[in-house]
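*Asks:* Chain by chain, the residues run as shown.
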Amino acid sequence: MRLPRCALCHIDLDQVSVCRGGQLLLQDISMHIHCGQLTVLIGQNGAGKTTLIRALLGEISHGGSIRHVDSAGRDLAHLTTGYVPQHLSFDPEMPLTVQDFLAASMSRRPVWTGISKKVRAEVLRALKDVSAGDLADRPLGRCSGGELQRVLLALALHPAPDLLVLDEPVSGVDRNGLKLFLDTVNHLKETLHIAILLVSHDLRLVREYADYVILLDKNVLAQGSPEEVFASEAFRDVFGAGNDLPDDPLSALGAAPGSLLFADNRNAARPVRKAASAPEADVSCDTESGNAVSSSRFVRVSSRSRVQETGAVPDRAAEKPGTDPSVAPDPVPDQDLPDSRSPEKEVRP
Amino acid sequence: MDAVYHLMDSFLPFDVFRFSFMKNAFLAVLLLTPLLGLLGTMAVNHQMAFFSDALGHSAITGIGLGMILGLRSDLAALLIFGIIWAVLICLIKQSGSASADTIISVFSSTSIAAGLLILSRGGKFAKYSNLLIGDILAVTPEDLLALAIALPLGILLWALMYNQLLLTSVSPSLARSRGIHIRLVEGAFVVLVAVAVMLAIRWVGVLLINALLILPAAAGRNLARSSRQHALFTVLIALFSGILGLILSYYADTSAGASIVLTSAFCYALSLLARRWRK
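Heads up: the protein sequence lines correspond to chains U and B, in order. Take the first sequence: its letter number 200 is residue 200 in the numbering used here, and every next letter is one higher. Take the second sequence: its letter number 115 is residue 115 in the numbering used here, and every next letter is one higher.
Isolated chain U, as found in the complex (with noise of 0.2 Å):
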């Protein structure tokens, strides 16, 4: 496949390829992550999304080479990479603070003695940039799922990374409180100018923030800005036809939940394409209700249930009891930001 040729610095990825126990997990991966760019990569479970993450991260050894380079294809100095994981398996009762958390990466001095006045106003700008400035001193375990993106998202900003990588942080987190993290990533590919990967399935997002969508199975199936990709033929196949996305919002609201039926069972064996397709039931239902709480919540469940019928485990970070606000009293009082807290609460079954 020829590549356009690029106006600014970009990550090179050329014919990567990953094996790994006999099995080809990626084949020929040639692709660029523009600076300044939101690089989406899309594709179905066990398409290799993760394997191709992980091989960017030099977590995995591959094929191919990936490189920094300029745009005459000079090579730049080392990539610094930051990384936001799908979810953390940690345990909620665990004491730790988000200070604890991220002073513990910024700094060498260990937390258990005490955090500095620098490092602790270098954490509190961190997490204002992110628009998360009050959650310091709450305990990681008590945090929500957006809440635990934002936190992680500062996290990958410092030290400042070339590359951005955001493994599907959509998980266990409701559309609003995903548009508000896709905006603060919007803003920081603005005013950073870093290259963003991100790993999404929400294709109504996708294409409503991208600016290059992937999408991927084993190789690069289709490439280029998001009308193209998801007119191609290519697109209609793996994701089918009947999910093609409206351009009304009234039935997008019904639709493109339902996408969310792609998250997280990554770690399973992969699902014949027909059960990772939305039902198309469900999805009238929801168009039905025409109420985008209860239509949203509806699709949470049933992706849940449907989650559990292909066999994967469920979303973790969905099920932690720290985000159940009938079970962790709220120790920062109303100074959360409406918008993006109490939606999140809403949906939980």
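It is worth saying that the hints were derived from the structure and are not from the lab.
So, partial list: chain U residues that the calculated Cβ filter (under 8 Å) puts toward chain B:
| hint | residue |
| --- | --- |
| 1 | Y83 |
| 2 | M94 |
| 3 | S105 |
Every residue gets a Cβ at the ideal spot worked out from N, C-alpha and C, and that includes glycine.
Add chain B to chain U, keeping to what the hints say.
*Replies:* Just chain B, lined up with the frame of chain U:
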């Protein structure tokens, strides 16, 4: 040493500390419990309570092997074996072949059986039963000196690795993406725990050593919100139960180790209540 005794006489003019063996035990508690407690905070957060238990059990094998190999010093045998054993468990755990629980359990029972086998040859196990219960009243001034050197060293190492361990326990993949060598950090932690456990085991005993590591940290965790509070509460609870347990054992004429552990268990129960009450 006399100067220290003299100091204690003037500051702690209590009947309990009349005898120098009680003074030694008191000093040993002051030096040991905070280090074990601090290490315990991470063992608790890293879900390694069971691991440290297995490590304690392996001390029997350490002594037994030391005897076979003709090592003159029990402590050397304990340290060498403890470190090798800890690293071995860690490596197997990291290779991810089966669930960690199962692996640790296999190691734990294997080491107990091997130790008992060696030490009970010719029906001489009674000689080593001390190892099971420990005797903190048998601490010598030389032991105290060794502890006084080990404590600051241990805390220094602990301080160096803490932040990295913390990130690893929150998310290994995140830690890896930030350039933390997870295996190295975990290995260093495991070795540090092994050394601390082996230093303490002769006085606390195989059966109870894990309680000193886990109980104060578990109680502190119920009260704390932040890392700093966790460390602070844990050290305070460890010192409190260590000293109170020692004094109680003197008056009640009971095993010092058991009294200390029961006092920490009591603290743990209180911390649970406090947590309920706060919620």
